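For chain A, the structure is supplied; the task is to place chains B, C and D on it using the hints.
Residues per chain, in single letters:
4 protein chains.
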Amino acid sequence: MKRIAVLTTGGDAPGMNPAIRSVVRYGISKNLKVLGIMRGWWGLVNEELREFDHHSVSGIISQGGTILKTGRCPEFAKKEYQDRAFNTIKKNAIDGLVVIGGNGSFTAAHHFGETYNVACVGIPASIDNDINGIDLTIGSDTAINTALAAVDNIRDTATSMERIFVIEVMGRECGFIALSVALAGGCEDVLIPELKPDWERMCHDIVQGNIRGKLSWIVVVAEGAGSAIDIANKITEFTSLETRAVVLGHVQRGGRPTAFSRDLALRLGEAAVDSLLKGRRNIAVGLCCGKISEVDFATAIKKKEIKAEYWYNLIKTLT
Amino acid sequence: MKRIAVLTTGGDAPGMNPAIRSVVRYGISKNLKVLGIMRGWWGLVNEELREFDHHSVSGIISQGGTILKTGRCPEFAKKEYQDRAFNTIKKNAIDGLVVIGGNGSFTAAHHFGETYNVACVGIPASIDNDINGIDLTIGSDTAINTALAAVDNIRDTATSMERIFVIEVMGRECGFIALSVALAGGCEDVLIPELKPDWERMCHDIVQGNIRGKLSWIVVVAEGAGSAIDIANKITEFTSLETRAVVLGHVQRGGRPTAFSRDLALRLGEAAVDSLLKGRRNIAVGLCCGKISEVDFATAIKKKEIKAEYWYNLIKTLT
Amino acid sequence: MKRIAVLTTGGDAPGMNPAIRSVVRYGISKNLKVLGIMRGWWGLVNEELREFDHHSVSGIISQGGTILKTGRCPEFAKKEYQDRAFNTIKKNAIDGLVVIGGNGSFTAAHHFGETYNVACVGIPASIDNDINGIDLTIGSDTAINTALAAVDNIRDTATSMERIFVIEVMGRECGFIALSVALAGGCEDVLIPELKPDWERMCHDIVQGNIRGKLSWIVVVAEGAGSAIDIANKITEFTSLETRAVVLGHVQRGGRPTAFSRDLALRLGEAAVDSLLKGRRNIAVGLCCGKISEVDFATAIKKKEIKAEYWYNLIKTLT
Amino acid sequence: MKRIAVLTTGGDAPGMNPAIRSVVRYGISKNLKVLGIMRGWWGLVNEELREFDHHSVSGIISQGGTILKTGRCPEFAKKEYQDRAFNTIKKNAIDGLVVIGGNGSFTAAHHFGETYNVACVGIPASIDNDINGIDLTIGSDTAINTALAAVDNIRDTATSMERIFVIEVMGRECGFIALSVALAGGCEDVLIPELKPDWERMCHDIVQGNIRGKLSWIVVVAEGAGSAIDIANKITEFTSLETRAVVLGHVQRGGRPTAFSRDLALRLGEAAVDSLLKGRRNIAVGLCCGKISEVDFATAIKKKEIKAEYWYNLIKTLT
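Each protein sequence line maps, in turn, to chains A, B, C and D.
If you count by this note's numbering, then the first sequence holds residues 60 to 378, one letter each, in order.
If you count by this note's numbering, then the second sequence holds residues 60 to 378, one letter each, in order.
If you count by this note's numbering, then the third sequence holds residues 60 to 378, one letter each, in order.
If you count by this note's numbering, then the fourth sequence holds residues 60 to 378, one letter each, in order.
Isolated chain A (complex conformation):
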């Protein structure tokens, strides 16, 4: 193993930059040449890459986003594009590829690595925390804190104006952000894809609260469980109470990574390079039960289990 390459793909997540920094600098410390590939799979397809040195990653540790750029690349599902990517691999004598991204990125890396016999190791970075078999992805802690700050702000208005709010957070098909934020924000209810919503109960709770004088109410909804606007309308329809919707949206993606997101990214960068050096492939490195471990891509891309009922019950009990 003499030359490795690193790319970021899928949605950006805060902590991708420290992960890149770690792969580059730790790789160099192990006498590897490290290539940075731009724009995810696109850069591999179009041979958009360059060798990175120690200074290429200076000053990025505290920055959100990714200096390698990222994006979706649906064309990479086609053999023609994969062939071009493999040509780049061969032409540049790339012995190992570090793929920083989420679920979709690992699915693509899994297929590409197996089909073309390329050593791929994944670093899970996604705000959605939807990688199976690992505790937390890079970026999810930051996104949760960003969303929580927004919920805290909205609580001020909800309390002062005695209003009902429905706040939509990210997470795709995973309710992790929604549960973490709803619990930490002291929110009155939460809707997630993992649990069937009980509209009647939710609206009944709101009306009962209203009767006993609890006039402010915050419902957090995971994007995979519905639209805040629709849900606000539904609540108004059932309860006749004015309800506001807020869609936090892309605000959750960016920003200075938290200490946790950075430390995790820096540790996983080292672990990914070590795994490649040990001849490992088709795996992601990640935090499993608090320890840095390896998870097969095949496992990682399965539907993630979360203890939805445990979190949900605690949220409802404590409000």
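Honestly, the hints are just simulated from the structure, not real lab data.
Treat the hints with caution; some may be incorrect.
When chains are identical, the list treats them as one kind, so a pair holds in a single copy or across two.
16 Å max Cα-Cα, derived EDC-like pairs, lysine to aspartate or glutamate [stated by the list, open to error]: (1) K350 <-> E364; (2) K92 <-> D194; (3) K89 <-> D112; (4) K350 <-> D194; (5) K61 <-> D355; (6) K293 <-> D257.
Being a predicted model, the structure only gives us computed values, none of them experimental.
For chains B, C and D alone, kept in the frame of chain A given last:
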């Protein structure tokens, strides 16, 4: 002047709490009784009030929202409700009323004060900074910083994913928040109610930028100038480029007030009580050209002038 | 088990308030009476307590510090004071005691619980993360992020003015905060109690960096490993380079708890009450390998192991 | 006027980067060549400079510190160094010089500009807000908010542990930061260079507070008025109450500039270039009574007046 009362009305703004603190504690230091009226005009109509002491306002200096609650009260336009409010004033021997709020609040206070001969002094608190004749309302500095943090976050994603974003900020019919945020955020364009939008030029700029390799682009839009979603659609239609909309919404209303919002609120609380003690009425206190001054309600509720073209040109020149 | 009590003791940590909220509200949901004891052991000694209801803990979830107050109580080492505390327990028919605090708090609870046969369950809350057998204490994530923000700020000046800084962080005899912050902050060196300092190497590195043009340098020092001021002087003496010291101090203790600190606190509050209900005693609840578990007080109060060399080597490799 | 140059000197301040961005981009928009001089006066002395283009200042708008680096340069008081600086001016055909800095920087620019007949225009950037004749320097709003966040954090501990704290903030010989922070933080007392301290009264207040149950107390001290450690010792000596000192130090210098600091910097960058184009020299541009204006260097470098008693009395009245 022996007894004064204080209320917050209209949308909540960060800094209302320190303003309340200042009115209460400074009033007490001047040997006044200070009554806190709950829920804005509603509390005056329904006699929902109580005497506040030094401890009633402990620990609120750093909190967003308002412990007095607030809200819109369209019924207060009716004479019947005003009569009830005046009864509360008489019954509680209220000699002066401090109204903390925005444009609509001052309009109501102006009418009520003149009609019933009640000494009303306003403290301008509104994130929209739409009070004429004064530099800055309490809360606008906080809201601008909150919106700016969101824009900084979105910049990470816009740059990493090379996307166009349209970000809608608050401000009602006033473009002040939008201009301040767009300039401070290094945004590529801004749409405000004060300036007629030139769609063709905006889309032409985006396409030209795209051609020369500038793939990320942020347009800030003031809520009074259109909907982010509509504008994003328009841009996509004209340019064929994928464009995302983010509506920051109520996140901008809450949160820890900034130092500026707090210091201003605390200073204006003192000024409002002093004005009442000097027998002044039908005025708002505020920062005018950097100094605490008085502005007639009649002036304050006029359409605020902002140097829209100056700001707009600077924004376009610096991007 | 019908009546439980909760107290906070030792240094305050962000997240104590959500822990109290959880113990109180979850306890009530289990049909327990929950007493809040003021000022730590002092309140038990002096019978300063009152029954808490659902509203007693409203609005505290996002606040640093502890509404129960806290403090050191060296007198509690004496039998006389313990007897008085036990009288309070009997008089108020307290069946179980939840002790929220750190290492010293658990040592006292361990002794008191065993001596007087009182069911004590601990919730680890301490910014220092010095409880053995558990992953993370409540508050340490918040303190680390606060310290990291300070390091990021100082980095701006260190880079702009090309200076050497020594930054002292908290952590008592534990280097966890220092290591987490130094890694996440991209700091050039770190001194912790767990590793013998190599002054010569540190100063040699600084001088070598200076020669090759790296003029800014940040050393993080854990309070247990020395004083920033002494170390800055030592560096100046050895290298003749101007060096500044910053002692972050109590700033690290307070502030809005992070999502992680809050979620952990809320989950452990539930776990502590559940443990009491199951008849458990002389244990702390905590996150062990990512799962909520129980740890004997006897284990918890031992010297915590951290992987000091692993962290240290990664920090040095990546700068 | 065809070629201008820009430098930052003195202590760094958050907002210097947006000021540089504005000078460079606005200058270019006016068909000027803009040179960036590194390391303040040193770069002029040693001809360390290069032409900046539009991209040289990309991505810096949200960053603290200064990409031009800065520092003190006592040697610049000597004619020999000034001669070398002037040679750089002539050799590079620099027609105008924008000096971004504080009091000391303007003093040097004043002398240099007059002696060598060089058109110098100043942009006031200093966290201390010690420039006479202008409302606010670039960076002071950011520093005040940073210090206020620290005070808010310490308030949590002060309240929870019922302790007295003395917090030292920056500001050199100017009490502006201290007054702004003490008022906004609801602090119990403040010591500034502009007002003679009344130790007896301060300690009497603390003791009286203690007697009536007010056990937490925060005193803010401006660095120019004494050392937090000395004052804490003095309080302990007089009152026998345990008192902690915190020196905020360089944490206050860095960090993301606030919206106010950025907008001011961007506007003053334009104003400085416009002043040069109009043939103005030996002046600073700044916010005067809320409007962008010019102030002679001779006025700007005089001792700044602040309404110390007004602020002090308000602080004492409201606590």
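Here is how each hint holds up against the structure:
no., hint, result
1, K350 <-> E364, "between (18 Å within a copy, 14 Å between copies)"
2, K92 <-> D194, "neither (31 Å within a copy, 36 Å between copies)"
3, K89 <-> D112, "within (13 Å within a copy, 38 Å between copies)"
4, K350 <-> D194, "both (9 Å within a copy, 10 Å between copies)"
5, K61 <-> D355, "neither (24 Å within a copy, 49 Å between copies)"
6, K293 <-> D257, "within (12 Å within a copy, 38 Å between copies)"
Checked against the numbered hints given earlier, the structure breaks hints 2, 5 and satisfies all the rest.
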